[in-house]
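A.B. asks: Here's the letter readout for the chains.
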Amino acid sequence: MNIIMAAQQDVNKPYELAIKYAKYYGGKVEVVPRVPVTSLSDFGVWYTPGVAQVSKDIVKDKGLSFEYTNRWNTIAVLTNGTRVLGLGDIGPEASAPVMEGKALIFKYLGGVDAFALPINVKDREKFVEVAKVLEPALGGINLEDIRQPDCFYILERCRKEMDIPVWHDDQQGTAGATVAGLVNAFKVVGKKISDASIVFFGSGAANINNARLSISAGADPKKMYMVDSKGILEPERQDMDKMAIENPWKYEFALKTNGDRRKGGLPDALKGADAVIAASTPGPGVIKPEWIRLMNKDAIVFAEANPVPEIWPWEAKEAGAKIVATGRSDFPNQVNNSLVFPSVFRGVLDIRAKTITDEMAVEASFELARFAEETGLNEEHIVPKMTEWEVYPRVAAAVALKAMEQGITRKKMTRDELLHTATEMITHARNQIDTLMRNGIIPPFPP
Amino acid sequence: MTDRLKVRKAADQDLPILVDFILRMIKLNAEFDPLLSVEEESEGEVLSFVKEGLRDPKALFLVAELGGSVAGVLRAGMVDRRFYAPRTVGQIDNIYVMPEFRRKEVGSVLLARADEELRKRGAQMILVEFPVQNYIASSFYTKEGFRPLMGVHARETDMRRTSAVRLLLASDL
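These protein sequences, in sequence, are chains A and B. Going by my numbering, the first residue of the first sequence is number 14, and it counts up by one from there. Going by my numbering, the first residue of the second sequence is number 2, and it counts up by one from there.
Simulated from the structure, these hints should not be mistaken for lab results. Hints are supplied without guarantee of correctness; some may be wrong.
To be verified - Which chain B residues face chain A? A few, computed with CB under 10 Å, are given here: (1) Arg-25; (2) Met-26; (3) Leu-29; (4) Glu-32; (5) Pro-100; (6) Glu-101; (7) Phe-102; (8) Ile-137; (9) Phe-141.
Claimed, not checked - Computed cross-link-like contacts, DSS-like style, restricted to lysine-lysine with a CA-CA straight-line distance of at most 27 Å: (10) A:Lys-269 with B:Lys-121; (11) B:Lys-105 with A:Lys-255; (12) A:Lys-269 with B:Lys-52; (13) A:Lys-173 with A:Lys-75.
No residue lacks a Cβ here, since even glycine has one placed at the ideal position from N, Cα and C.
Based on the sequences and whatever the hints tell you, model everything.
C.D. replies: Take a look at the structure:
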């Protein structure tokens with residue numbers, strides 16, 4: 014880990030190391046048994062003939078597959094590689110290292126057994142079919158790096174038609190962290206989210222869900238403005254019909270936001286705005302300081318593009334921003350989906366939830382926000398840091414409790430039990446990795 | 002919502018909005034098939050079309066207003082089907098409802114009023130034409146009791162096909 018942190022000092026170093034380590038380790042995750050294997054005779058229990066009795070019981074009650082097999086802790090990181098990081102449509106094979114990386118984070122921060130599953134399916138109908146046929150093997154699915162608007166369609170259908178939680182991290186994970194930060198940022202500047210004018214710059218998967226979750230968290234859509242490459246969305250824009258056909262999710266925002274019918278570009282939207290959430294193209298210089306000056310007093314600026322935010326934090330601050338958040342770990346207020354997805358899945362797997370509702374996603378945000386508040390809010394601390402380990406079980410328990418309240422779980426547990434289980438699972442995963450490293454089973458980084 | 006909806010015949014002062022709405026309609030059609038592409042000069046054509054329509058006593062231009070704004074427009078006319086009965090029928094050329102007024106029955110109300118007006122002019126049936134792939138229009142008109150009647154099939158002209166036919170003709174000789 015120290016080597017990786019040191020590598021971040023040098024921009025090119027991570028790329029060199031990633032190739033070197035990929036060759037050396039041959040991938041990032043592998044299957045490790047959960048049960049003792051003392052001799053081959055144990056397989057008479059783990060496999061045939063003994064296992065037949067386990068199967069017979071599951072035939073009578075399919076729900077037992079969540080208790081008698083590792084299904085309860087298994088998810089797929091499912092992608093077709095059509096929109097990977099900033100790389101675009103690189104295909105399933107090339108997306109695999111990214112998915113493996115995600116699986117590793119799932120294990121390390123959430124104790125979740127996640128399998129990278131890049132599939133050769135571009136057609137969205139077929140993608141949904143593939144997700145559905147995988148259901149019996151899985152406790153959940155994390156959709157990843159799928160182009161929009163297919164990602165909206167696939168998530169919507171899977172959520173509706175499947176009985177396990179399906180989550181699209183590019184939409185919901187980022188939004189979970191963003192809304193947590195936004196809620197706390199408004200507390201710091203002493204404004205109410207329901208009264209605030211919020212601009213969403215960029216209309217991709219991340220920002221459409223940032224906006225959607227902000228509404229669930231209390232923001233007023235009439236005071237929201239979404240800006241894409243053609244300007245502010247509004248119901249009379251000439252491309253509305255095209256949008257209705259190609260991206261009905263974005264179209265809905267064009268209809269319900271922008272109460273005062275503003276036209277124009279980002280500067281027009283920013284006039285008098287209390288917050289801007291940018292998830293557009295890497296900066297710097299994408300948002301100009303003079304545009305920040307058009308915003309209301311104590312402006313909140315979230316510049317989430319990676320690796321370089323749309324505007325540098327110091328530029329935004331000099332232009333009058335009170336709070337700035339980015340996606341980077343080397344600046345204060347890192348809005349990071351890794352705070353969200355491992356915990357959300359930990360929670361839904363522990364409680365055997367059947368889906369992840371918007372209310373559960375908002376609850377994850379609120380719990381993140383509460384956690385940061387408990388440890389002291391200020392302009393440079395609106396979201397928890399990734400190294401605050403207690404945050405993961407807290408969010409897991411909050412999400413699971415909300416699922417129970419909504420009656421969509423296969424199990425019932427108390428908050429204490431949930432906190433205990435989540436802490437144990439995450440600690441177990443980290444101890445396991447630590448033990449494997451100490452014993453040389455995971456070899457040290459090559460020189 | 003429908004009680005606040007007003008439908009009236011279009012007047013000369015509606016010209017800009019009629020042009021805007023009809024242009025939006027034909028651009029929407031263009032989204033469904035490249036053979037319905039809209040050219041730059043279409044705007045001028047639409048302007049002439051609307052002007053002529055407003056002067057033509059046989060044409061019907063209706064405007065729906067909701068909350069003081071124009072929510073939708075309808076353009077229809079009469080057609081003489083020389084060989085078929087009923088012979089005198091109405092034809093809806095365009096219905097366009099602005100996005101924010103959709104799902105508020107504006108299209109249905111415009112259509113009902115057009116039905117009434119076209120009946121007065123002797124129409125015993127109403128035809129409507131829209132791109133086959135326009136699933137929004139298809140679902141709307143099906144809900145309104147329309148059913149497919151005639152199909153328009155299209156292909157681009159093809160020199161190879163013409164040559165093949167020439168060869169065939171030559172060999173016949």
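A.B. asks: So, as I understand it, the hint says Met-26 (chain B) touches chain A; can you test that by seeing if any CB pair is closer than 10 Å?
C.D. replies: holds (9 Å)
A.B. asks: Does Arg-25 (chain B) meet its interface restraint, that is, does its C-beta lie within less than 10 Å of any C-beta in chain A?
C.D. replies: Hint on Arg-25 (chain B): holds, closest Cβ of chain A at ~6 Å, below 10 Å.
A.B. asks: Tell me if Ile-137 (chain B) is really an interface residue toward chain A, meaning its C-beta lies closer than 10 Å to one of theirs.
C.D. replies: At about 8 Å, which falls below the 10 Å cut-off, the nearest Cβ of chain A leaves the hint on Ile-137 (chain B) intact, so it holds.
A.B. asks: Please work out if Lys-269 (chain A) and Lys-52 (chain B) have their alpha carbons no farther apart than 27 Å.
C.D. replies: With a Cα-Cα distance of about 34 Å, the restraint between Lys-269 (chain A) and Lys-52 (chain B) is violated, given a limit of 27 Å.
A.B. asks: Holds or violated: is the Cβ of Phe-141 (chain B) closer than 10 Å to a Cβ in chain A?
C.D. replies: Since the shortest Cβ distance to chain A is 13 Å, the answer is violated.
A.B. asks: Verify the proposed pairing of Lys-269 (chain A) with Lys-121 (chain B), using a straight-line Cα cut of 27 Å.
C.D. replies: violated (40 Å)
A.B. asks: Given the hinted pair Lys-105 (chain B) and Lys-255 (chain A), is their alpha-carbon gap at most 27 Å?
C.D. replies: holds (20 Å)
A.B. asks: Quick check on Phe-102 (chain B) please, does its C-beta sit within 10 Å of some C-beta on chain A?
C.D. replies: Status holds, d = 9 Å.
A.B. asks: Lys-173 (chain A) and Lys-75 (chain A): Cα distance at most 27 Å?
C.D. replies: Holds: Lys-173 (chain A) and Lys-75 (chain A) sit about 20 Å apart, inside 27 Å.
A.B. asks: How about Leu-29 (chain B): closest beta carbon in chain A under 10 Å, or not?
C.D. replies: holds (4 Å)
A.B. asks: With a cut-off of 10 Å on the beta carbons, see whether Glu-101 (chain B) makes it to chain A.
C.D. replies: Holds, about 4 Å.
A.B. asks: Per the CB criterion, is Pro-100 (chain B) less than 10 Å away from chain A?
C.D. replies: holds (5 Å)
Comparing the model with each earlier hint shows violations of hints 9, 10, 12; every other hint is respected.
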